[in-house]
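This is what each chain is made of:
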Amino acid sequence: EVQLLQSGGGLVQPGGSLRLSCAASEVTFGIYAMAWVRQAPGKGLEWVSGIGFSGRDTYYADPVQGRFIISRDNSKNMLYLQMNSLRVEDTAVYYCAKDLRAYGGHENAFDIWGQGTLVTVSS
Amino acid sequence: DIQMTQSPSSLSVSVGGRISITCRASQAVGKSVSWLQQQAGNAPKLLIFAASTLQSGVPSRFSGSGSGTDFTLTISNLQPEDSATYYCQHSYSTPPTFGRGTKVEV
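One line per chain: the protein sequences are A and B, in this order. Start counting the first sequence at 1; every next residue gets the next number (our numbering). Start counting the second sequence at 1; every next residue gets the next number (our numbering).
Take the hints with a grain of salt, since some may be wrong.
[Stated by the list, open to error] Covered stretches of chain B (chain A as the covering partner; in silico rule of three or more C-beta atoms under 8 angstroms from a C-beta of chain A):
(1) 7-21
(2) 73-82
(3) 92-100
[What the hints assert, rightly or not] Computed from the model, here is a short list of chain A residues facing chain B with C-beta under 10 angstroms:
(4) E26
(5) A35
(6) V37
(7) A40
(8) L45
(9) Y59
(10) D73
(11) Y95
(12) A102
(13) Y103
(14) A109
(15) D111
No lab work stands behind these hints: they were computed from the structure. From the three backbone atoms N, C-alpha and C, an ideal C-beta is built for every residue, glycine too.
Take the sequences, apply the hints, and build the full model.
Written out as structure tokens, the structure reads:
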């Protein structure tokens, strides 16, 4: 079964930058779309960004549009989230998540999740 | 964006009991709804996808139904390990949105 191992995160001041990484254990990583989902302390789940299986197509939630950049390196089975101009309201546990169906298929879902990494934005 | 309205927000039930959690989409989403379970301190876990398909390894006492705008997660014969927060999520369009969650105490 695919496993997703996250790294990065930590404490950063408002306006700062941080990069999250997500390493997939399976060689078929490159046929699945991926996403980042976050959860503010004591709150629910919020989709942040998604990327197609090839990396060509990227999508962002309105609150992070223009500040965050999602990318992937299929040769290394890696997913990234570059977070710039961080705000206090970006404080959350960030999860990477894998699509259930290959090639962005119909009636999809997030079937594998990383362990989560805490990002704290505070002065 | 499609909104997912989930209810109830919390409930308490005895071991062996049965519950239903509902989710209503703000527009029709076909069967593009999944249900996730999140136990305290853990990452979410997929239970149901395509509204009613049980994910591999998930006990059969979890079931899902619905299409269009109205969806239901039913859990029967509740066990202590089912204490968790449950979320619905649509994947019909971007952004995929989640319900606000239902906290279940067994």
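Here is how each hint holds up against the structure:
1. 7-21: violated (count 0)
2. 73-82: Violated - the segment 73-82 of chain B has 0 residues with a Cβ nearer than 8 angstroms to chain A, which falls short of three.
3. 92-100: holds (count 7)
4. E26: Result: violated, 15 angstroms to nearest chain B Cβ.
5. A35: Hint on A:A35: holds, closest Cβ of chain B at ~8 angstroms, below 10 angstroms.
6. V37: Holds: closest Cβ of chain B sits about 8 angstroms from A:V37, inside 10 angstroms.
7. A40: Constraint on A:A40 not satisfied, violated at 12 angstroms.
8. L45: The hint holds - A:L45 has a Cβ within 10 angstroms of chain B, the shortest such distance being about 4 angstroms.
9. Y59: holds (5 angstroms)
10. D73: Since chain B brings no Cβ nearer than about 22 angstroms to A:D73, farther than 10 angstroms, the hint is violated.
11. Y95: holds (6 angstroms)
12. A102: Since the shortest Cβ distance to chain B is 14 angstroms, the answer is violated.
13. Y103: violated (14 angstroms)
14. A109: Check passed: Cβ of A:A109 comes within 4 angstroms of chain B, closer than 10 angstroms.
15. D111: Hint on A:D111: holds, closest Cβ of chain B at ~5 angstroms, below 10 angstroms.
When the structure is compared with the earlier hints, violations turn up for hints 1, 2, 4, 7, 10, 12 and 13 and for no others.
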